[in-house]
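Let's have the full structure, built from the sequences with the hints guiding it.
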Amino acid sequence: DNALKLAPPLREAYENDPRVKRLIDTARAIEGMPRHASTHAAGVVVTAQPVSHYVPLATSDEAVVTQFPMGTLEELGLLKMDFLGLRNLTVVRDTERVVRRDDPAFLLDAIPDDDAETFAMLAQGKTSGVFQLESAGMTGVCVGLVPQSIEDITAVVALYRPGPMDSIPRFIDSKHHPEHVTYKHPLLRDILRVTYGCIVYQEQVLEIFRKLAGFSLGKADMVRRAMSKKKMKELARERENFVGGNEAEGIPGAVKNGVDAPTAESIFDEIMDFANYAFNKAHAVSYAIVAYQTAYLKCHYPKEYMAALLTSVIDWTSKVAEYIAECREMGLEVKAPDINTSEAGFTVAPDGHIRFGLVAVKNAGRSFIQSLLDERAAGGPFASFPSFCARMYPRDLNRRGVESLIKCGAMDGFGAGRASLIAALGPIAAGLDASHKQNVEGQVDLFGGGGTAGAEAPLPVVPDYPVRERMTMEKEITGLYLSGHPLDAYRAELRKVNGPPLRRILNDFAQDGGPTVFRDEQKITVAGLLTAVRTKTTRNNSLMAYATLEDTTGSMELLVFANTLTRSGPYLKADRAVVVSGRLSVREDKEPQILADDVRPLADLDPVDRPPLTETPPPERKLYLKLSLTGHPKADRLRPLLAMFPGAVRAVIFDTDTGKKLGAACGLDDRLVRELTDWFGAENVVIQ
Numbered sequence: 025d026n027a028l029k030l031a032p033p034l035r036e037a038y039e040n041d042p043r044v045k046r047l048i049d050t051a052r053a054i055e056g057m058p059r060h061a062s063t064h065a066a067g068v069v070v071t072a073q074p075v076s077h078y079v080p081l082a083t084s085d086e087a088v089v090t091q092f093p094m095g096t097l098e099e100l101g102l103l104k105m106d107f108l109g110l111r112n113l114t115v116v117r118d119t120e121r122v123v124r125r126d127d128p129a130f131l132l133d134a135i136p137d138d139d140a141e142t143f144a145m146l147a148q149g150k151t152s153g154v155f156q157l158e159s160a161g162m163t164g165v166c167v168g169l170v171p172q173s174i175e176d177i178t179a180v181v182a183l184y185r186p187g188p189m190d191s192i193p194r195f196i197d198s199k200h201h202p203e204h205v206t207y208k209h210p211l212l213r214d215i216l217r218v219t220y221g222c223i224v225y226q227e228q229v230l231e232i233f234r235k236l237a238g239f240s241l242g243k244a245d246m247v248r249r250a251m252s253k254k255k256m257k258e259l260a261r262e263r264e265n266f267v268g269g270n271e272a273e274g275i276p277g278a279v280k281n282g283v284d285a286p287t288a289e290s291i292f293d294e295i296m297d298f299a300n301y302a303f304n305k306a307h308a309v310s311y312a313i314v315a316y317q318t319a320y321l322k323c324h325y326p327k328e329y330m331a332a333l334l335t336s337v338i339d340w341t342s343k344v345a346e347y348i349a350e351c352r353e354m355g356l357e358v359k360a361p362d363i364n365t366s367e368a369g370f371t372v373a374p375d376g377h378i379r380f381g382l383v384a385v386k387n388a389g390r391s392f393i394q395s396l397l398d399e400r401a402a403g404g405p406f407a408s409f410p411s412f413c414a415r416m417y418p419r420d421l422n423r424r425g426v427e428s429l430i431k432c433g434a435m436d437g438f439g440a441g442r443a444s445l446i447a448a449l450g451p452i453a454a455g456l457d458a459s460h461k462q463n464v465e466g467q468v469d470l471f472g473g474g475g476t477a478g479a480e481a482p483l484p485v486v487p488d489y490p491v492r493e494r495m496t497m498e499k500e501i502t503g504l505y506l507s508g509h510p511l512d513a514y515r516a517e518l519r520k521v522n523g524p525p526l527r528r529i530l531n532d533f534a535q536d537g538g539p540t541v542f543r544d545e546q547k548i549t550v551a552g553l554l555t556a557v558r559t560k561t562t563r564n565n566s567l568m569a570y571a572t573l574e575d576t577t578g579s580m581e582l583l584v585f586a587n588t589l590t591r592s593g594p595y596l597k598a599d600r601a602v603v604v605s606g607r608l609s610v611r612e613d614k615e616p617q618i619l620a621d622d623v624r625p626l627a628d629l630d631p632v633d634r635p636p637l638t639e640t641p642p643p644e645r646k647l648y649l650k651l652s653l654t655g656h657p658k659a660d661r662l663r664p665l666l667a668m669f670p671g672a673v674r675a676v677i678f679d680t681d682t683g684k685k686l687g688a689a690c691g692l693d694d695r696l697v698r699e700l701t702d703w704f705g706a707e708n709v710v711i712q
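So for the sequence shown, the numbering used here puts the first residue at 25; every next one is plus one.
Treat the hints as calculated values from the structure; they're not laboratory data. Some clues are possibly wrong.
Claimed, not checked - Straight line, CA to CA, 20 Å or less: simulated DMTMM-like cross-link-like pairs of lysine to aspartate or glutamate:
id, residue 1, residue 2
1, Lys560, Glu699
2, Lys243, Glu98
3, Lys597, Glu612
4, Lys499, Asp544
5, Lys280, Asp297
6, Lys305, Asp190
7, Lys359, Asp375
Take a look at the structure:
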């Protein structure tokens, strides 16, 4: 209906074309209907008898589900419990198991709950990999709050959601300045003391009803539910009960407990504002304890914890890259995979570094890696590449998997170059195939060597891949540069740029509560490596470019429009280290992008096609427009459009009807130029 009102062409088609009318009428008929029968991610119905005795059942992705939604189940008196499976619990368990190898007496349940070093780590913002606290927003809250107890972490978990987030500044201020804490009535002091005067938990709401107005806990919980569902008629009645009481229901009311009516009304209003968001404290405490445990392990057993954390995301390449970057920040070395020392997951080596897990190698596959580990366990370390192939042949000589292991450096320990190993794989595999065929046919080598002797032939001597190509292979196979990073040569330049890591930007926009550090249209300068560049012709026949910028933490897409492309085009080439200035662009259902205003080499020693840009300010430019201010159908939209892009660039508008020139000011934004060009034609839009 809205589209028909707001889009005249659609409305005209609807009124004049029977097919469009039928399509739109059909769409209107089904609009708002359920698209599918969804399944609760963690909800489990618990019944005394088989569930089919109470409600009809169905199957959904092989799971047995009730045909009724949870609200109906509750009305029928059935019990629904939510059971949440957390990957972080596995991380904690795996870390504890590894720690106990060296310290059998270690018990996670026995760690102190007031460890000063752990809280100091959180206050410094070192929260990457810490359950619930690693988002950019949560990190900022930890730095501002300086948590000193699990109670503080519990409050952060409960507050950091849409709605309660508005209370975070007051909460932090009250913690650091107890003199700022106020209570609307002394009876609230004991209830709200742990949260510095702020209502944070559902349990606090229930206790306020009970202690101030004499509600039973059951009755108080019913009111809390009514608030969350905004049942206004019921709430109007409960307001009267809260303030003045209800003798028939055995509720004395707040006034009888010494709270004056205006204060009671004010307290009820505050609860009303917050009840829809109030968090269950038992849930928040459970999360806070796991958060504290992960922080404690990261603080005191960093290599064991980070290895377990990396294993938990082994199939999630971007997270693996993020946590490996965190390992480097912590001073932990993550070494490339090795077929004689690596396990399936990330492990802690005897010398203290973390060894890359073999399952994280693309194209290898879990079954092939398990076969490799089984053979290594049965026959000991692999002595050479030909020996490896011969031993793995009866099990699973997955040629694609072997190539991937070679390319990522897992076989560097054999002492041969990766190019030599790749060149040898085909002949060795062919020799093993021939040997196997002879054995099957009952043939025996006259010299008694069998076909496998040929597998130990010398490896071909070929020039090894250049360093940059080896790193590119590593990135292709593992999603990471393992033996180095192309940006390693630019450490000094990167420090000068001092731009935010790309992963920090992505994480900030990805968090549930929305970004807290960055924002749409924010000006930003970042540095990284261009890994892909492609150009595209726009609707007005100008060129633009899409490029992928990558640093050691992640990657983002750059949009380079015509003006910037004209200036910076020579620098837009794959494998070029660049510094980019521009603005963040965030659109629904898209990863954040950067609208590039300027791209230049990260270092002067980059080979370029023209001299680097100087720091002298560019000459003042003007926007010239030519149109009929009375005859053009979109002339009346020109001023509002220019106002949408504020700035100091002078716009000169030439009216073809009168020959007069009019002035205006705007920002010279590529989107504005595109729109003007679409409206008035490229020949009537000039920038000089």
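Violated constraints from the hint list, given by number and in increasing order = The structure breaks hints 3, 4, 5; every other hint is satisfied.
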